[in-house]
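Chemist: With the hints as constraints, model all of the structure from the sequences given.
If you read the protein sequences in the order shown, they are chains A and B. This note's numbering applies: residue 329 is where the first sequence begins, and numbers increase by one. This note's numbering applies: residue 320 is where the second sequence begins, and numbers increase by one.
It should be emphasised that the hints constitute simulated quantities derived from the structure, not laboratory data. Here a beta-carbon is modelled for each residue, glycine too, at the ideal position from N, C-alpha and C. One or more of the hints may lead you astray.
Stated by the list, open to error - According to the in silico footprint, chain B covers these stretches of chain A (three or more CB under 8 Å from chain B): (1) 350 to 363; (2) 382 to 390; (3) 400 to 408; (4) 474 to 481; (5) 519 to 525.
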Amino acid sequence: MAIENALMAFPMASIWAVTLVLLPLAGVICCFLLPRISRTLGLFTSFANLISVSGLGWQLLEHGSYRHAVGGWGAPLGIELYADGLSLLMLATTAMVGFAISVYSTAYFKPAVGVRFWPIWLCLLTALNTLFLSADIFNLYVTLELMGLSAVALTALTGSKEALNGAMRYLLASLLASLSYLLGVVLLYHSFGSVDISLLTQQMQAPSATLAAATPAVWAALGLMGAGLMLKTAIFPLHFWLPPAHGSAPAPVSALLSALVIKASFYILLRLWFTLFEPLVDGEAINSLLGLLGCAAILWGSVQAIRQTRLKLLIAYSTVAQIGYLFLVFPLASNMGSVAWNAIAYLIISHALAKSAMFLCAGNLLRFGGHDRIADLDRVVQRLPLTAAAFALAGVSIMGIPPSGGFIGKWLLLETAIIQGRWDLVAVIIIGGLLAAVYIFKVIGYTFSPAQITHEAHNVSARMQWSALLLAIGAVLLGFLSLPVLSLLNISDATITSGVGL
Amino acid sequence: MNRNRLLLIVLLPLLLTLAAGLGYAVLSLPEQPQYLQQLVMDNMADSGVSHPVTAVLLNFRAYDTLLEMVVLLLALLAVWSLDMADPQHKTAPSLVLDTLTRLLTPVLILVTAYLLWVGAHAPGGAFQAGSVLAASAVLLSLAGWRLSDKLTALPLRIVLVAGPGVFIILSALSMVLEGQLLKYPVAQAGLFIVILETFATLSIGATLAALFLGVRPGKINKNKDRKHK
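Modeler: Here it is as structure tokens:
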């Protein structure tokens, strides 16, 4: 019965998974060929992408995790696509945030810039979709390349001096990270003769192989791939490229970079760490080191955010801090996986929604007053209430105040830390929340007060305000949806039979 | 200056340690397992070509190649989005360059066709052929030749996306025919690969040449005033 089910499910899930790959690609080509209607094409593609993800999610809920042998060869000869709960959640987050940002961008970009924005954004969407669907470390490298290059191109879009500087730094950091990752792939391929994650995991975890697998080459691969992905994720102290890039890019681009791009490299790190590298790192000092970097990122990023006088830089440093929370999974998950795992998934989604909402708000304020100096926000609460509300709601989730997605994530993380008696981590999580409250309330406070020098106000379109507000509402609503979201996360190889009713 | 030297003194030992560690890791590598090569050889009969590299690039791991084609297009999109002005050379090319270009261009186009065709059973293929094609275009542009304005808009764009475009169309077709992404019908695999490689060659050649120029053709005249902004 189960086999029959799987056979029947096969075409449907394939169609949705393949659509997720080919649809944005076709969008890129069409936007490039027909620049005049690229805005419509881009919006349509991101909407269709949202529908395809829902289709894939429906199939995964019915039939469990899904594998697609591209070219019909199967690993190790060919490449395999793989989707389980975690990839589905990442795809869904990408689709939701991507659609909201697309709606925002239709109003934000002037046609001359928009023509350049849409094809590159769809390239980025392709990269994210293929990355979350990939089960092959070399294929992941290709998607990383695609993602890095499109992210850099989007950062440089305005062509201003700061943007070009930020983009150049970003490009160099991103290339170094990709090459480091690639060298690790080469070493693993040479050691095991395969680039498929599940085959590599089998070889690493085979009881007879555990000792033989820990060769210098495999350790070097772990270091190289880990370092490359950490540089791309911008964990402290490798965050140096993030504030200039995220601070100088156009607002919708900053939102994409902060919400999705850094999560993608973190996703690969998470996958590799808990599959093929697990026998090497389980319970080892290297996990404590990653946790330590996470703590440092939380404290350093928050303090820097408090010190900023420009709104976009404040939000960018807040991202540096929030990435720190994600790295706490490494010391916590090695003892008892599932709760820490759930916490991280929750933090990823709620940060993606809240942070994109914040950057879009910053874009609105920048458009409204022509500047993003925090001290001169000049009573935007009365003059731009939707945007101010969006910022406050997103702030609730970033601070981790109930009810919000950020609260659930931080609560689960805190719970794990307490159960494991890691009081140092407990302290950092709580202090991080307090510091976040300081920088969020600093902004909110200035939105009430009049500025000394008034600026001419420009009109901000309703679309831009509403898309920011809806993202922020989504981040808060996540606080009420923990059961369904976490049940999505648990789609794995174990739930092949259609038992997960929702 | 002093600070740089200090940085060097701190960084140099660290980098040397890293290099030594990597060197040790590479030297200590075990003999590579050969079974994947064997697997490629075993499946060559179904791949549609007889050269293993082409079989891997365009059949076994064609999905990677599809994405790499998009990376190339993206690189061009990124360069064009910077919207730079064209440093136009108004001087006439020297007699040597001019004559050489005239002689070489037909030869290079012939070499392109040969490399494309030979890829099925010997080293060669779309990327090599495309690079040679791009080289001839670069030579032409150095000699002062430019695409006519009529061709710079849609026709050029169609050539640029032909490779990835046809790749996407065949991917969708393979889904319809075989139910799996990029799974070619065994009997037609050779045909699929020749079509893919032909269009890929055109696009790779055009994209590399356009990357060399660095500016969007047809943008030249409009941009002239903005250069001094």
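Chemist: Looking back at the numbered hints, which does the structure fail to meet, lowest number first?
Modeler: The structure conflicts with hint 2 only, although it agrees with all the remaining ones.
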